[in-house]
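Q: Sequence:
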Amino acid sequence: MPSLVLPPAFLFILAGVLIPFLKGRVRNLVAVVAAILGLIQVLLLNSDMSYPVHALGFQIDLLRADKLAIVFGIVFTFNAVAAFLYGWVKNKDIELSSALLYIGAALGAVFAADVIGLYIFWELMAITSVMLILARKTESSMAAAKRYILVHVAGGLILLAGIILHVNATGSIEFTGFTQLNTSSILILIGFLVNAAAVPFASWLPDAYPQATIFGGVVLSAYTSKTAIYTLMRGFVGWEWLIPIGLVMAIYGIVYGLMERDIRRILAYAIVNQGGFMVVAAGVGSELAVIGGVTHAFACILYTALLWMTTGAIIKSTGTSHLNKLGGLAKSMPWTAAFTLVGALAISSSPFLSGFTTKSITLAAIEQAHLFWPWIILEIASIGTFLLIGLKLCVGLFLGKESHPNTTEAQGSKLVAMGVLSAACLAIGIYPEWLYHLMPGSQATLSALHGSFSDVYIHHFSHVVTQLQKMSVAALVFFLFAPLLRQKDAILLDLDWLYRIGAKHSYSGIKKCCSSINRNSQAFFIDKVLPNCAIRIKNTPMVQRPVGSAALAIIIVLTALLVL
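Residue numbers for the sequence shown follow our numbering, so the first one is 9 and each next one is one higher.
Bear in mind the hints are in silico, worked out from the structure with no lab data behind them.
Treat the hints loosely; a few may be bogus.
To be verified - Restricting the straight-line Cα-Cα distance to at most 30 Å, the calculated cross-link-like pairs of lysine-lysine (DSSO-like) are:
#1 K333 to K409
#2 K145 to K31
#3 K339 to K324
#4 K409 to K324
#5 K100 to K154
#6 K409 to K339
#7 K409 to K31
#8 K409 to K478
#9 K154 to K478
#10 K324 to K154
Given only the sequences and the hints, what does the whole structure look like? Please build it.
A: Pasting the structure below:
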């Protein structure tokens with residue numbers, strides 16, 4: 009019989025509720041301790057554990073501790089430890105409390121065994137994450153938060169509609185792989201893709217995340233989109249529709265990122281780009297592809313959070329996030345520059361760093377599936393990532409003339425957090441076997457990853473040389489065309505322009521149509537129909553009917569009674 013264990017989400021939620029009642033550094037200590045205990049708890053989970061709850065006429069299980077859930081739980085809690093170390097100097101209740109509740113909701117969604125528990129935590133993620141944007145308390149952050157919550161409410165309603173149809177049709181609330189293409193599965197998939205920042209729903213991410221507080225941006229970068237990736241790996245593996253969606257995401261993130269000047273918006277577009285690789289992996293659906301997508305999600309959470317930490321430290325020290333106003337910061341912020349380089353090379357799939365040993369599995373799975381054009385497009389997207397982060401961002405921040413001579417290095421707790429994530433990126437890149445050991449999959453596939461790497465050519469010398477050659481060519485192209493990447497300030501029209509303008513014109517059209525119907529109806533009924541009816545009634549002759557003796561007697565009696 010499965011043993012009853014409290015889900016890791018409860019620990020974070022409890023700590024988030026307690027934060028407003030605590031003072032000083034005790035709040036920061038509680039957040040860090042909660043994250044550490046959460047990580048320990050996830051590491052101790054096994055498949056025999058569960059947490060059933062009876063509600064809404066169903067038995068809801070809030071703890072499904074299989075390998076897929078555990079690997080996401082490990083990276084979520086480990087990243088939380090680093091994030092709360094980074095935010096140690098923060099004293100705002102709303103940030104720490106919202107972050108704890110948000111991470112707890114993400115963990116709850118990952119470990120939920122059914123669609124009801126998943127949906128409850130899914131909506132809690134939306135509510136708590138928007139607080140990290142509102143906490144900045146600027147006009148732009150307020151506007152971004154409104155758009156953010158509207159998108160996620162719409163996505164949540166679509167997801168809820170799909171869940172209701174699914175439960176009504178099957179009678180089951182279990183969250184497992186969907187095998188039939190029908191209205192319910194399509195609605196559920198759309199709900200997941202909204203949170204995954206899939207095109208054409210991707211614009212909410214670069215619109216909202218850069219408007220969060222510095223600490224809020226670090227936390228947001230890791231959970232919402234990766235929880236959605238988890239749901240795709242759980243529910244929609246092998247759905248070929250996901251392949252073109254992921255390819256568009258991978259290219260979209262690079263194209264828009266290269267046109268961007270705000271350093272946190274660049275990183276936001278990079279999140280969309282990296283998510284594209286994982287969505288493609290889910291679409292390919294082979295065992296190797298799933299392992300590639302999950303390992304890449306694990307690595308992506310760490311190096312993305314690292315980059316948000318370093319850029320946050322730069323914004324805090326310089327007071328600006330505009331790339332064209334920054335430069336030469338390697339002199340005044342050497343540790344931040346070094347950690348940024350680690351994160352940039354990791355996301356660029358540089359050999360001996362995490363992105364190289366995880367992204368390569370997905371590319372190998374695509375190659376084994378004989379999907380030539382997806383493989384080519386993702387290779388181009390991988391080179392584009394190096395252009396965007398490894399070159400444009402790093403060169404713009406740390407080389408050239410020093411823009412802010414009085415800039416100071418990040419504080420101690422921030423550097424510790426950056427160092428923890430940098431060490432994790434190096435550990436995965438140099439010795440990835442420990443990560444492969446955590447993955448779901450057959451023993452044969454895992455043995456191939458642990459063994460000679462001959463099938464997937466990870467750590468193969470020729471693969472290392474090939475990757476270095478591609479990065480060298482990309483660097484040459486960058487320095488030849490570097491002036492073109494320093495655009496003037498301009499408004500970039502994203503794909504959300506289509507449905508925002510479309511919604512505006514649709515509303516205007518409906519309003520005009522309804523007003524026209526109202527005016528015409530008024531003119532027709534009041535000016536024509538009612539007068540004609542009145543004329544007809546007036547001209548209708550009175551019909552005289554004889555009154556019977558019984559009726560006449562009743563009238564006389566009633567009249568007499570009333571008089572008396």
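Q: Run every hint past the structure and note whether it holds.
A: Okay, the hints, checked on the actual structure:
The hinted pair formed by K333 and K409 meets the criterion: a straight-line CA distance of about 10 Å does not exceed 30 Å. For a cut-off of 30 Å, the pair hint linking K145 to K31 stands: about 22 Å separates their Cα positions. A C-alpha spacing of about 17 Å is found between K339 and K324, which places the hinted pair at or below 30 Å, so the restraint holds. For the hint pairing K409 with K324, the CA-to-CA distance comes to about 20 Å; that is within 30 Å, so the pair holds.
Restraint check: the Cα-Cα separation between K100 and K154 comes to about 21 Å, which is no more than 30 Å; the hinted pair holds. Restraint check for K409 and K339: satisfied, since their Cα atoms lie roughly 10 Å apart, inside the 30 Å limit. The suggested pairing of K409 with K31 is violated, with an alpha-carbon distance near 43 Å, which exceeds 30 Å. A C-alpha spacing of about 28 Å is found between K409 and K478, which places the hinted pair at or below 30 Å, so the restraint holds.
With a CA separation close to 42 Å, the supplied pair K154 and K478 exceeds the 30 Å bound. With a CA separation close to 25 Å, the supplied pair K324 and K154 stays within the 30 Å bound.
Violation of the numbered hints given earlier is confined to hints 7, 9; the remaining hints are satisfied by the structure.
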